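Chemist: Single-letter residue listing:
4 protein chains.
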Amino acid sequence: MGMWVGMGRKARRSYGFDEIALVPGSLTINPDDVDTSCEIGGIKFAIPIMASSMDGVVDVNFAISLGKIGGVAVLHLEGVSTRYEDPAEAVERIVNADVTEVTKVIQDVYSKPIKKDLVSRRIDELKKAKVPAVVSCNPQVAGEFGPIAREAGCDIFIVQSTVITVRHESSKYKSLDLTRFCKDMKIPVLLGNCVDYQVALELMETGCQGIFVGIGPGTACTSRGVLGIGVPQITATCDAAAARDFYYKRTGKYFSIITDGGMATGGDICKAFAAGADAVMLGNAFARSKEAPGKGYHWGMAMPHPNLPRGTRIRVGTSGSLQEILFGPAQTDDGTQNLMGALATSMGNLGAHNIKEMQLVRMIIAPSIQTEGKVYQTAQRVGMRK
Amino acid sequence: MGMWVGMGRKARRSYGFDEIALVPGSLTINPDDVDTSCEIGGIKFAIPIMASSMDGVVDVNFAISLGKIGGVAVLHLEGVSTRYEDPAEAVERIVNADVTEVTKVIQDVYSKPIKKDLVSRRIDELKKAKVPAVVSCNPQVAGEFGPIAREAGCDIFIVQSTVITVRHESSKYKSLDLTRFCKDMKIPVLLGNCVDYQVALELMETGCQGIFVGIGPGTACTSRGVLGIGVPQITATCDAAAARDFYYKRTGKYFSIITDGGMATGGDICKAFAAGADAVMLGNAFARSKEAPGKGYHWGMAMPHPNLPRGTRIRVGTSGSLQEILFGPAQTDDGTQNLMGALATSMGNLGAHNIKEMQLVRMIIAPSIQTEGKVYQTAQRVGMRK
Amino acid sequence: MGMWVGMGRKARRSYGFDEIALVPGSLTINPDDVDTSCEIGGIKFAIPIMASSMDGVVDVNFAISLGKIGGVAVLHLEGVSTRYEDPAEAVERIVNADVTEVTKVIQDVYSKPIKKDLVSRRIDELKKAKVPAVVSCNPQVAGEFGPIAREAGCDIFIVQSTVITVRHESSKYKSLDLTRFCKDMKIPVLLGNCVDYQVALELMETGCQGIFVGIGPGTACTSRGVLGIGVPQITATCDAAAARDFYYKRTGKYFSIITDGGMATGGDICKAFAAGADAVMLGNAFARSKEAPGKGYHWGMAMPHPNLPRGTRIRVGTSGSLQEILFGPAQTDDGTQNLMGALATSMGNLGAHNIKEMQLVRMIIAPSIQTEGKVYQTAQRVGMRK
Amino acid sequence: MGMWVGMGRKARRSYGFDEIALVPGSLTINPDDVDTSCEIGGIKFAIPIMASSMDGVVDVNFAISLGKIGGVAVLHLEGVSTRYEDPAEAVERIVNADVTEVTKVIQDVYSKPIKKDLVSRRIDELKKAKVPAVVSCNPQVAGEFGPIAREAGCDIFIVQSTVITVRHESSKYKSLDLTRFCKDMKIPVLLGNCVDYQVALELMETGCQGIFVGIGPGTACTSRGVLGIGVPQITATCDAAAARDFYYKRTGKYFSIITDGGMATGGDICKAFAAGADAVMLGNAFARSKEAPGKGYHWGMAMPHPNLPRGTRIRVGTSGSLQEILFGPAQTDDGTQNLMGALATSMGNLGAHNIKEMQLVRMIIAPSIQTEGKVYQTAQRVGMRK
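Protein chains in written order, with our numbering: chain A, 14 to 399; chain B, 14 to 399; chain C, 14 to 399; chain D, 14 to 399.
Same shape as in the complex, but just chain A (with noise of 0.2 Å):
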């Protein structure tokens, strides 16, 4: 399991959504026969869709009408919904914001300190609309918003950072204790990212119920080029995915492993969960939607760094409701409207009667084709880039 890449250096092969397809086998279902439900820290979502927690995605009415509908969106405590009173005019300079100045725009806007008012009245305004409040923040602020997200009301609590491991130095400030952090905040915590089996078994250990699989893959994120860190997302999933069903065959507690960046159309989600996800997180596809308070932009939560901005501002335009882009009726072909329809479509072409046997459909290694769909998104991307 290594090729050599140099004397006395192995590495191993990994795969990425594009390299991959799924093949059908002896038993077909009925679409309207599958259930494509999923449970999250034990709140079951109709939806195994989760929104990534951008400015440009999610604000709390995205998050409301997402819930609305048995999905769940993801709100950043370190966003611009608890530096401003009004969230929207600060995105709406950024989305203004000229392509030479968007970096610098960026990084003022996110200057601006945050509110803890603001954190309570947040995640108040989504319990109030009845919808389930699940936030997310950086582990260096975790222990300061944790309890104040707790206190009002949270039902999912996402510690999230480009690497998260349990073993964090720092001279300058002391590091979150991951397991006491998930002990105290009684309700279910998520972690991430991360991409890797050893490091998903020790983020389990924290009694954490969750974790997010991806580094470096997503559009909006140039980790890889800036950092040459990044591990395609069928092998970072297929190992995280090894870890949850190691620990669940030792100790019986099952987590929930998702996807999070890096696909572009409903093929890339169905294979994402045939390598192993429960759920997966989306950002483009809910950028697109017309309730994504970023009007068919978005940028990545690394991009404010005010000396290290990594991410792009990537325009994606606007093609639909958030209901036609999770459910149809598809107003296009490309694989990225009806992401529900395709997955039950997908499941059943597949026999796979739930998620949990959509894990266990196998797997081709194909080259990647060429089709439209890809050229066309692939030039709309730099094209785009605006």
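Hints listed in this document are in silico derivations from the structure and should not be mistaken for laboratory results. Bear in mind the structure is a predicted one, so any value in this text is a computation, not a measurement. Some hints could be false.
Because identical chains share one entry, a pair is satisfied inside a single copy or across any pair of copies.
Unchecked claim - Pairs of lysine-lysine, DSS-like flavour, derived with a Cα cap of 25 Å:
id	residue 1	residue 2
1	K23	K369
2	K369	K185
3	K303	K140
4	K128	K187
5	K81	K143
6	K23	K262
7	K185	K266
8	K57	K23
Please arrange chains B, C and D on chain A, whose structure you already have, making use of the hints.
Modeler: Structure of chains B, C and D alone, referenced to chain A:
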């Protein structure tokens, strides 16, 4: 026979047309001396290249033209021919639709109900012209249309959906019993599509006479993008051919393996035969003929799906008559004309006296060359998506 | 030595120029001290780079110019030189043809019959200029033209078709007996093209002096697209060279392996020698010379085929004199000029004193770099197809 | 460790930056706590990134600027600085040359003879500014310039050619005895370039203090296209590092491995260290600085070759000050600014306390992602070739 794509998960490497080339051996033959005919369902065809049951490619007139020169075109019983007295009018609406509205127009055109008397009439028109009547439909309606077609004098009946299996579960409708259907039909039945050795064997057990191989490879099909499903055609054809050969050895009964989709040039067709095909099925190539109803456009039959349209209206242009496309003289050098001449020349160069010997020629894995033909073609596909 | 491409079917991985790079070792040599000469058919040539028998590249004047500086150009006996008193006029018609009509114009130009007296006259012109007379034709007419050429004083005779084999079947004409032909000709005979170890051995048994390696690799050749046939040149050359070395060990007779086609730059030429070639044959590079009759255009000799034209008229432009292209000074840095300087420099860096040592340098499989040169070149190929 | 590329010929698969990614493990570190310094030739540098000895990148002023902030720029003793009293004027001629004439202009600029007193004077200027004086030249002139440089107070002397070996044959001139040269120089000597374990060991035996790794990988270098020679940098660096580690184990003497060329982004730099480099050498990145003499252009030092120019004048544009390029704040997100910040952040995410630990992080083989950054960059390279 498999590589690790993640911990505990292996996947097999599969191959498509572009990665394979054919290797001449110690014998060459004058192309005029090779036999390119094939036999499907007990009928001998001079041309082993079938025309896909797509409404932009095949109508009754086209099927008659192709039948007259020794080939066979498949008429779709759920297409415009059985929904409209004058199908040309419906085709025209699709062809003239603006690119932004084409999906909706197609959905609308196909919302008109099928008329059973038109099923009989179309078959009758074919029989009167003294060409083989070969028709197709989906499993859901095969039980209804099969007997009508047989009564009308149909020669070969095809049951075809994106993915076909012997076992199909549905709580909404009764699944078609393929074994009983084949037995009841009495005339030869072909089934498709499949991409797997085991599934191919199970389909052979139903009593059918041949199977179509290909899920997700065609240019007008976006199954892989939308559903994540698809197997490259060289591997799929080899596997199905291995099932055929195994079944033949065990039972003495020989099935036809028909590679369906993904072939862009004469070279691709030659490779399909080398991989084990008894015949191939093309859409693109025939859509370019003057005789095609789509006037240079075609679209997949999964495209009308009201909720999850898959497939794209492709503009391929019109490049010559059926005669020119199949037998030349080629006006162009890009491998899309004189397909039969190309097949014969390739067989001569490879020392194959007939299709059965062509199935045994040596293949090599060769990095795909970006010939101008391919580049031009890709450019066309993307640019001409109108 | 082979990978499964499907059940029961293995195929060997083959390699082309772009996937290979050469690796320097412990010795370097001043390029002025390396010997780049070669010997073919008992004649020593200062330049181991032959010019392809294409009408856009070689006419009598070109062959004289190249011969005078130590190289050799092959005159095609079925080209315009033997069909027209004034071949320049025929070439001009092709060069000036509109892109939409070029295939037809070429077919028409080559429909004019060959005049036997012109065969003798062209060879005579070469001999009078005191350069080697090297000519070629297809196997079908070799029996007729061979003796005429020999009588006229031809030095080396080449029998060349897309694919050549010792065994050829035809019900229409008597196949050429290569062994008898080589014996009767008395002058050195070269045969081609082949890509296989076994076929190379069989061709060596005929009594010929060398073979051409290459099926489907050239830029003006679309064999792989039209016929599916083609083997990348590194693998083909290695295999033919292995046959040469085996035959030499067994019989003491040394053949010439001439890699023909697919080389775009000095780097590709160096790689061909490293793979085992004794000489190389180029079309593109020489077509760019001021001395070439095609004025910056060339086209394959399979292109005139009345029914199945293969090949493309390529515009390469005119970039310098023969002297500049072979010996510099290079006006450009893209590897298409000063080919002999590049070869000598490469041999020096790799520590090869002569071509035979160059055949032993270390190769590495390296992912192809999209150097600007390559990108530019591809752009040219596609864009300049006029 | 090798694949068959043809009968009897094996070649090893090698890897470049784009095919590799780095994988985080169980530990992360605050980037502020990692040590990014390196030691070369006994001198400690805060910045392990050297500037290439190219005339568009380094002149005396640039070397002073970079030296002042802890880095090191190499001044080429055969460049314009030692040929012209006012080198800026010569650089200006090259920068302003039309694209069609640039090769000729460069050849002309470099035809002016080197003045020995300028060699001393340039080193003197560096020493007076109290920055390390690091200079380079080709082996042919090292015997002449080495002593002059040492007398002038040079700190580190570099002997560098496209390919360097201990054994060099020439009938025209006496080859440089590297062992004697290193011994006579007394000051630290670095040698390059090489790409091979065995050659690296032989170079270490000469008594030098470090070697440069990289043949043919840079953007301004076309060695692979022109000469067919080149080894991707990950494999080349791993091999050289393995030689260093072996030699250290045997002798206790530690060499510096400096990866030279081919790195486009911070991510590539991180990967070079992960492959085993002690330092890296860049051209492109520094050419973009306001302090670079080339005003946004650079060109390879093999380009002036009168007969076989290799390399290209590349326009990279000017994107920021040296300070911004190395330490940020980054104005862009494409990985070309704040390189030291990227290195520290990557090391923190990967849990590497210092460069020596960074040499041990896990690598994975990952299909290259076409991030927008890369696409944009490639577009720039091709489009901006002026």
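Chemist: Please go over all the hints and tell whether each is borne out by the structure.
Modeler: Do the hints match the structure? See the list:
no.: 1; hint: K23 / K369; result: between (33 Å within a copy, 18 Å between copies)
no.: 2; hint: K369 / K185; result: between (44 Å within a copy, 23 Å between copies)
no.: 3; hint: K303 / K140; result: within (23 Å within a copy, 54 Å between copies)
no.: 4; hint: K128 / K187; result: within (22 Å within a copy, 60 Å between copies)
no.: 5; hint: K81 / K143; result: within (8 Å within a copy, 61 Å between copies)
no.: 6; hint: K23 / K262; result: between (30 Å within a copy, 21 Å between copies)
no.: 7; hint: K185 / K266; result: neither (36 Å within a copy, 36 Å between copies)
no.: 8; hint: K57 / K23; result: neither (42 Å within a copy, 31 Å between copies)
Figure legend: structure checked against the earlier numbered hints; hints not met, in rising order: 7, 8.
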